[in-house]
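Engineer: So the chains spell out like this:
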Amino acid sequence: MAAPYDLKDDSVVVIIGSGAGGGTLGNELAQKGIDVVILEAGARHEYEEFTNNEWDSFGQLAWVDKRTTSGDWRVARDFPNLPAWIVKSVGGSTTHWAGASLRFQDHEFQALTHYGKVKGASLLDWPITLADLEPYYAKAEDKMGVTRTNGIAGLPGNNNFKVLKAGADKLGYKDCHTGNMAINTAERDGRMSCQQTGFCFQGCKWGAKWSTLYTEIPKGEQTGKLEVRPNSMAQKIEHDKSGKVTGVVYVDKDGKQQLQKARVVAVAGNSIESPRLLLNSATSMFPDGLANSSGQVGRNYMRHTTGSVYGIFEKPVHMYRGTTMAGIIRDEARHDPSRGFVGGYEMETLSLGLPFMAAFLDPGGWGRSFTSALDQYVNMAGLWIVGEDMPQEDNRITLNKNEKDKYGLPIANVNFNDHPNDIAMRDHAYEQGKALYEAVGATRVFPTPPYPSTHNLGTNRMSEKAKDGVVNKFGQSHDVANLFVSDGSQFTTGGAENPTLTIVSLAIRQADYIAKEMSAKTI
Amino acid sequence: MVTIFNRKAATRDAPQPNDKHRLSRRDLLKGGTVGLGAILVISGSSIIHPEFAWGLDTSNLKPETMVTLIQLARDIYPHDHIPDRFYAIAVKPYDAKAGEDAETKKLIEDGIADLDKRAGKGGYIGLGWEDDRLAILRKVEDTPFFQTVRGGLVTGLYNQEEIWPLFGYEGESYSKGGYIARGFSDIEWL
Chain P
298 MAAPYDLKDD
308 SVVVIIGSGA
318 GGGTLGNELA
328 QKGIDVVILE
338 AGARHEYEEF
348 TNNEWDSFGQ
358 LAWVDKRTTS
368 GDWRVARDFP
378 NLPAWIVKSV
388 GGSTTHWAGA
398 SLRFQDHEFQ
408 ALTHYGKVKG
418 ASLLDWPITL
428 ADLEPYYAKA
438 EDKMGVTRTN
448 GIAGLPGNNN
458 FKVLKAGADK
468 LGYKDCHTGN
478 MAINTAERDG
488 RMSCQQTGFC
498 FQGCKWGAKW
508 STLYTEIPKG
518 EQTGKLEVRP
528 NSMAQKIEHD
538 KSGKVTGVVY
548 VDKDGKQQLQ
558 KARVVAVAGN
568 SIESPRLLLN
578 SATSMFPDGL
588 ANSSGQVGRN
598 YMRHTTGSVY
608 GIFEKPVHMY
618 RGTTMAGIIR
628 DEARHDPSRG
638 FVGGYEMETL
648 SLGLPFMAAF
658 LDPGGWGRSF
668 TSALDQYVNM
678 AGLWIVGEDM
688 PQEDNRITLN
698 KNEKDKYGLP
708 IANVNFNDHP
718 NDIAMRDHAY
728 EQGKALYEAV
738 GATRVFPTPP
748 YPSTHNLGTN
758 RMSEKAKDGV
768 VNKFGQSHDV
778 ANLFVSDGSQ
788 FTTGGAENPT
798 LTIVSLAIRQ
808 ADYIAKEMSA
818 KTI
Chain Z
921 MVTIFNRKAA
931 TRDAPQPNDK
941 HRLSRRDLLK
951 GGTVGLGAIL
961 VISGSSIIHP
971 EFAWGLDTSN
981 LKPETMVTLI
991 QLARDIYPHD
1001 HIPDRFYAIA
1011 VKPYDAKAGE
1021 DAETKKLIED
1031 GIADLDKRAG
1041 KGGYIGLGWE
1051 DDRLAILRKV
1061 EDTPFFQTVR
1071 GGLVTGLYNQ
1081 EEIWPLFGYE
1091 GESYSKGGYI
1101 ARGFSDIEWL
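Respectively, the protein sequence lines represent chains P and Z. Under my numbering, think of the first position of the first sequence as 298, with each following residue one higher. Under my numbering, think of the first position of the second sequence as 921, with each following residue one higher.
It is worth saying that the hints were derived from the structure and are not from the lab. Incorrect hints may appear among the rest.
[Said to hold, decoys possible] Straight-line distance between alpha carbons at most 27 Å, and here's what the computed DSS-like set of lysine-lysine pairs gives:
id: 1; chain 1: P; residue 1: 436; chain 2: P; residue 2: 550
id: 2; chain 1: Z; residue 1: 1096; chain 2: P; residue 2: 612
id: 3; chain 1: P; residue 1: 363; chain 2: Z; residue 2: 1041
id: 4; chain 1: Z; residue 1: 1096; chain 2: P; residue 2: 703
id: 5; chain 1: P; residue 1: 533; chain 2: P; residue 2: 731
id: 6; chain 1: Z; residue 1: 1059; chain 2: Z; residue 2: 1041
Take these sequences, add in the hints, and give me the full structure.
Structural biologist: This is how it looks when you write it as structure tokens:
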């Protein structure tokens, strides 16, 4: 009994995006009796509709609206119009994510304090600490059913994990296990357990992996206080003369422009689209874009320092069988500048099917060096590196002055240059990954370049002072009291951990704050 | 109309003239067709693989161009255990596209003509050693022609479900209940 709200109803909270941030916030508010409309750019595909086929699934779920790229990152050369591999569908990228649910480490919330000033980096401490977020991490882990929390058993290790674990043991790593995953090991919360199908990135057809699509959203809808409007692409946030936001202009499923009035607006369109929306909402009162008096909207774009290492062995591994991220090594996640860089990185198993391996192993590669690797597909094991990258002012989302979308609004350009710290970290991780697989007998190892970004962070960052960022410690705009940012774009720094658990925790915390401020009538 | 067709190998003694795709090898050879390399045979607008029983019609590209494209596809992504027909399927869409788009037609025909010119007498396909062909490809690898063909192959070749088993990739698994009871943790050599 999803509640349909009137376009003129200016008592609703309008949330833009239905992923980890928007979907969670929507349900949390609805549970508190607050009326919510979620505008989701993508269509609604229930999990039965997902497909175990990489390219077909990409066509079904991925955000493929054109973007442009610049900067020295290899993605700009290999995938110039696909800087990010994220989702345009109800549930957002929680349909596609692998399920890794890690808490930030204490020091990562105070990166500037612990790392010191790093040349060329715009490091800043978060305005919150781990202690502030711990109660919300606990709620999020329970909500999402994260393994190795709340008495939930870890997932069984697949072949890819077993190779990783054997290498970790040989290298003397101590903190290696099958991860903290938002994937059911047993039936929980009305969802069944993991069947080791191996298509986590294509959407879990069992519903075993947590996604807002079949948890938060239907739960919110059941309250009668949440309406999700699919195929609704937000274009512009409107405001009144006092500078308060009043509604969201969007294009509906029939291609018609609509205005949904709002009491509060929360932006959760992921770290490329969220700043684009704020920048496209510029008016004479806010000439540089909404919430942008600091000039920080779109800046400090982070994508995690990533890369993969694949090893070829003499005998079969069948890495594609079972959960895609089947295990983790956390020993390198510490901050230890003696390695030649600040911050740390995680190593997590990863597998791609043959079609995506061909596309991502060495984009642009050809000839026998490339094909002889694919010939050994069955004998391959793989891991993904995810580490903290340095925020930089000029790594940023801007509006492309020359290219517009089909509705006439400027598209986003994503500019990114690797920081020397990012490169040092990636090189270190490549060496460790290579050593790990060679320790188990790999005959050939591939340091594979970063894929289009899955962890897009930081472009509307949280800051104590209004001049340093876009939002305060509750994700509330420094400039506009009834405007919030609810996705990973509010991250002040990236940490080494997969961001979803932190996004969900922040959304739960933000819901408490919004409810409190609404009842106090401050917003 | 472009078709890839698999056919039963025709016997030499029983040509079936009513079906132009079911020509015997002898008919092809004596009918003034051109044999290229040792494998593919061109007959009119058809390319026929007489030993392994498949063929391909071209409508917009020259059949010789298509034969060279197939070789080029193999040289870009050589898998010795993958038969020619999969490479043919991967490059076949260029024939249809050439009919819709004059620029594509020019890109492909000119690109192939350039390879032939660089190869000299006998053309690209006449170069018997892969290394000799690769020496040419390294000179053209940054051209739009090469990059178009290479880029198209990434999906055109590797997204053919029929070749996945040849790489040991098992594809869709949901309908089989995933791998929970089918070897997700069956590694024994560690």
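Engineer: Evaluate each hint against the coordinates.
Structural biologist: Hints versus structure:
no. : hint              : verdict
1   : P:436 <-> P:550   : violated (35 Å)
2   : Z:1096 <-> P:612  : holds (24 Å)
3   : P:363 <-> Z:1041  : violated (45 Å)
4   : Z:1096 <-> P:703  : violated (42 Å)
5   : P:533 <-> P:731   : violated (47 Å)
6   : Z:1059 <-> Z:1041 : holds (18 Å)
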